[in-house]
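Number of protein chains: 4
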Amino acid sequence: MSKRVRIGLLGAGRIGRLHGENLAHAVPEAELYAVADPYLNDEGRAWAKEMGIEKAYTDPEEIFNDKSIDAVFICSSTNTHADFIIRAAAAGKHIFCEKPIDTNLAKIQEALDAVEKAGVKLQVGFVRRFDHNHKAVRDTVASGQLGKPHVVKVTSRDPDHQPMEYIKVSGGIFMDMTIHDFDMVRYLAGSEVTEVMAYGAALSGAGYDRLGDIDTAIVTMKFENGALGVIDNSRAAHYGYDQRTEVHCDKGCVQVANDLNNTAMISSGDGVTVAKPTWFFLERYNNAFIAEAKAFAEAVLNDTETPVGGIDGLQPVRIAMAADQSLKEGRPVKLSEIG
Amino acid sequence: MSKRVRIGLLGAGRIGRLHGENLAHAVPEAELYAVADPYLNDEGRAWAKEMGIEKAYTDPEEIFNDKSIDAVFICSSTNTHADFIIRAAAAGKHIFCEKPIDTNLAKIQEALDAVEKAGVKLQVGFVRRFDHNHKAVRDTVASGQLGKPHVVKVTSRDPDHQPMEYIKVSGGIFMDMTIHDFDMVRYLAGSEVTEVMAYGAALSGAGYDRLGDIDTAIVTMKFENGALGVIDNSRAAHYGYDQRTEVHCDKGCVQVANDLNNTAMISSGDGVTVAKPTWFFLERYNNAFIAEAKAFAEAVLNDTETPVGGIDGLQPVRIAMAADQSLKEGRPVKLSEIG
Amino acid sequence: MSKRVRIGLLGAGRIGRLHGENLAHAVPEAELYAVADPYLNDEGRAWAKEMGIEKAYTDPEEIFNDKSIDAVFICSSTNTHADFIIRAAAAGKHIFCEKPIDTNLAKIQEALDAVEKAGVKLQVGFVRRFDHNHKAVRDTVASGQLGKPHVVKVTSRDPDHQPMEYIKVSGGIFMDMTIHDFDMVRYLAGSEVTEVMAYGAALSGAGYDRLGDIDTAIVTMKFENGALGVIDNSRAAHYGYDQRTEVHCDKGCVQVANDLNNTAMISSGDGVTVAKPTWFFLERYNNAFIAEAKAFAEAVLNDTETPVGGIDGLQPVRIAMAADQSLKEGRPVKLSEIG
Amino acid sequence: MSKRVRIGLLGAGRIGRLHGENLAHAVPEAELYAVADPYLNDEGRAWAKEMGIEKAYTDPEEIFNDKSIDAVFICSSTNTHADFIIRAAAAGKHIFCEKPIDTNLAKIQEALDAVEKAGVKLQVGFVRRFDHNHKAVRDTVASGQLGKPHVVKVTSRDPDHQPMEYIKVSGGIFMDMTIHDFDMVRYLAGSEVTEVMAYGAALSGAGYDRLGDIDTAIVTMKFENGALGVIDNSRAAHYGYDQRTEVHCDKGCVQVANDLNNTAMISSGDGVTVAKPTWFFLERYNNAFIAEAKAFAEAVLNDTETPVGGIDGLQPVRIAMAADQSLKEGRPVKLSEIG
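Residue numbers (the working numbering), protein chains in the order written: chain G, 3 to 341; chain B, 3 to 341; chain L, 3 to 341; chain W, 3 to 341.
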């Protein structure tokens, strides 16, 4: 392989372009060489040209069949992820795949088996692990300087409602939104979840209950290493993207606050105001998206393990299923009951 | 009644003297007139003299029988609280009682019935309601400016282990420590708890498990008004008294951080350090103790309701029992199952 | 001398009562025994009684002549300070004197000479040295952990205008208000000021210029140890009492923020608000007043040096005079030009 | 002109490449078309190719003579700035020029005259105006919501010493480093400086005094609108890049803190640590560099005024000269004495 990882991008929608722009401009270890999207139109081709992409296709097979391509970024719709993984693995290409791999455990397992058999690398797009704040929490816990973890806390609140059309097909809050937090607690605790208990409600008045969904959740959990955890979610915080994590250990704790739009404080007789948190993931996790792409490219170049592997694609889905079941049945659910 | 509430103090131990000093020096609406403690010795009498207390007894009956005394502060050991309430009520005296009233529901109810029958005022010592920070959270929620509450979060971690002799007779973490937080969530949510789910573990290595107790807990709950809640506890945070509350509502959230020893930030090539949180309740809730005594005196003087009444003495005990049962049985427990 | 310092209070106005209440209730090392105030009326006598003061006079000589009194607190009007110091010293009493000793250097020197001759202790009321925040700055600098000081910065802004009648007789901003900051920079730098340059203006529109005074000032200075300093002042910050200090040293810096009314942060779509700084000196320096009285009592009891001595009463007055001259003449003024 | 501004880059050193990478990747309104640098070698040509630059020259005349080029970025050594401005203006090209234009007032004026005569646009590289924090201060002041400015404060401290070879030819702290702050105070106050007083010292022990220079400075100033200002500088803060600004106005103040590496707080029995400020200008002003290039491109495309014009290139140099003279002569210097 050359000094740069030659990459084929599968999917040129919002998240595909986000990765594409990072690969083109901010990841010197990668060469964004091709893109394939069945809906690629003139505007999409113009974007590809601006990114310096040499090949633009509507058929992904063109990418799988191009022997010069080292790796793919799977940024297509969720229902294609597992098949694209299997196809890419068969073609001997390393794989970066947006989360989730699938919402069906058997399908995920099939994809992971294909990856293992082919001996290619797989990285799943849990981008928050690459955020400067959460990473500082993880690094502090993993360093052992505070001893063993006792309690892992994640606050994760979206700034505002997604369209109800999106919610309808989202798979529910746990599979769509909390899945990031299920990955995060595993990452921070350095241990697997063994049991979850979910409380949830539709409190916003936006109509989640009419879809059999909720907009507010608190999920508690046990970890294999004895630690306990809690996640709280909202679909609409209104003040911005509330993304805080906190781990309490033997000797103390580490916690992170939100990134703010700026550090300004305005004080007058009327009161004191400070800036809001950054609005949503594009603002908050901008640098994290670059870092995850860079980490993938480096793992390929140096032939090392990717930082977010197949098991990390599987476990959050299982936890989401357990949380779903817990909410429905009003009882704690063990992970061993799932899959 | 005169302009000042004449008070008899029952119990001159640590918490009794704390209240005594506040009543003597910091609550102009009160006159600390008498103290009774069966163990009162010369040192105790010297303390009483320094406080300007006119009468110092070993027999509490002296206080109950003194018609010039308007109210009592019950600061004796927990097992005497209910009986002293009943006795004080019978004597027509208003009552401030340290928490908990009792750990037996029937006994609590008996005391509350006595209070109601006598028509005297009762205030229970849930001091944290008077803390400037938690009160700011409550006031913001109660003002309605953020709409209805969705999620109530309480972080409550003691700085360090109590002696194991104390733990042994403490009644367990929920009855001894979380009881304050059970009061707090009711106060912040403005609603009653209907169900709790408790996770807990003995992680500190200090031996709580050998006493059938835990040192780490996460308790989630539902409220009557539809909101959800979560409390996390530790017996030994090590960095200080971690006392934070946070309420998320329709339109946004209100949260408070810890009080720190000072605002100093020291920056050098080695890193940046800031001050620790205040160490424990004497430092953190110092002004809150004064405010609660003042509030009681004012309720008596103005013949208004006390801010923390009989129901507030009862409910946290019921929630603690439910949490205990939840932990033991590994399932959510409804408050309707208790008492 | 007994275990407690028996104190006579001279002056029962606002600042006298502040000290009186602290001495009576919060300084166990002191016994507030007598008060003298030429304007003492029934209300004042009632206050004295409430404080447990045994003797209440209109004539200060009663205090000077009472051999049982160990020390005096001079809280009368500024023009009486020096004479009371001289009289107290002659009577062999230790002296706590509110700032400033006088605005006339010769008079100050006369008072200091009397103190020295009598061998009594003198403490001047620069209360900010006892504030938890500024003290943390000083302690960090004095510890040497950051090396030698390079730059000392003081932000000192009153919340709102004093009555113009007060301003008229205040002696000007430098003698009335900045004098505290002149003490502070000496305290933080651990070195004497050698030169000052003052810029000032009347910007508030409240009419300071009509009195030949200013409401806004920036004073820069050099210290004997080579460090530089800057103070900025305003008579009316409007958002509260802005009292921040900051010292930059060889290896880094230490800085303190304001104390806030509480730690609440309220976040919504409309923005994020936090609490205001505490309003004025009664709120901000409440504990510092207690600490300075305690420090005085301890110095007397232990026969050690007071923490704020005669030189500390003299130098800020000299610096204020230099700043005044600098402002008028539009040039830096050396301290050696003063007195 | 096309939809994008075609740009020729003059100078491919550190700052040239910084601008080049931003123009290539982060400013869609610009097309980085050519680069010229007399020292351009193979490595530089490779860099140019990677940036997608079509023309790479050693002779800047190639750029001036290319009629297809709309604008130049002057990122060469300071002594070439004025001549390149004159040459670019003559060629009818719009000009972005790194600060300072020159250190000689006549030369600056000559360059500004050439710009005016040619009717081209000029933007000077005072990048800090585009920082999210300082811009928030400016926007708050400029909005008038706090009334008129009274006091402008700038803390500006570099993280560590530059090489002494650099210092030797830097023109001194005021011309090299404080010049950014002189621009900042004008920007924040919305008014011109009329007088400055400088205090300075060589306190670090690194040898600035042997070069006739200083490493520590406090500069105070008056503005035309009556406001006062103060800047403090250090060549070596050690804890990072300390870049804070603060403006006090009629009704209150606005202030900004440093950006930190992350928001982590680690609390244990040993103390509480938080993250350091970002290290230096590449970290802190990364987005500001992009924003200034974008603002220039937009001003060209929309034919509007550039946000930092010729006068902004001139005035900070005059203030630096006045500060220099003040320091040398130990007296305040009026700007009217300069040039």
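Take these hints with a grain of salt, some might be off.
Identical copies look the same in the list; a pair holds intra-copy or inter-copy alike.
List of simulated lysine-lysine pairs, DSS-like, C-alpha gap at most 27 Å [said to hold, decoys possible]:
hint : residue 1 : residue 2
1    : K330      : K57
2    : K296      : K51
3    : K109      : K137
4    : K119      : K296
5    : K330      : K296
6    : K51       : K5
7    : K57       : K5
8    : K150      : K170
9    : K330      : K119
10   : K69       : K137
What the hints contain is simulated information worked out from the structure, not anything from laboratory work.
Status of each hint after checking the structure:
1. K330 to K57: The answer is neither: 48 Å in one copy and 62 Å across copies each exceed 27 Å.
2. K296 to K51: Cα proximity of K296 and K51: in one copy and across copies (22 Å, 21 Å).
3. K109 to K137: Answer is neither: 30 Å inside a copy and 51 Å across each miss the 27 Å cutoff.
4. K119 to K296: within (25 Å within a copy, 49 Å between copies)
5. K330 to K296: neither (40 Å within a copy, 48 Å between copies)
6. K51 to K5: Both ways: K51 and K5 sit 23 Å apart in one copy and 16 Å across, limit 27 Å.
7. K57 to K5: Both, since 20 Å and 25 Å are each at most 27 Å.
8. K150 to K170: between (40 Å within a copy, 25 Å between copies)
9. K330 to K119: neither (37 Å within a copy, 45 Å between copies)
10. K69 to K137: neither (36 Å within a copy, 50 Å between copies)
Against the hints set out earlier in the document, violations occur for numbers 1, 3, 5, 9 and 10.
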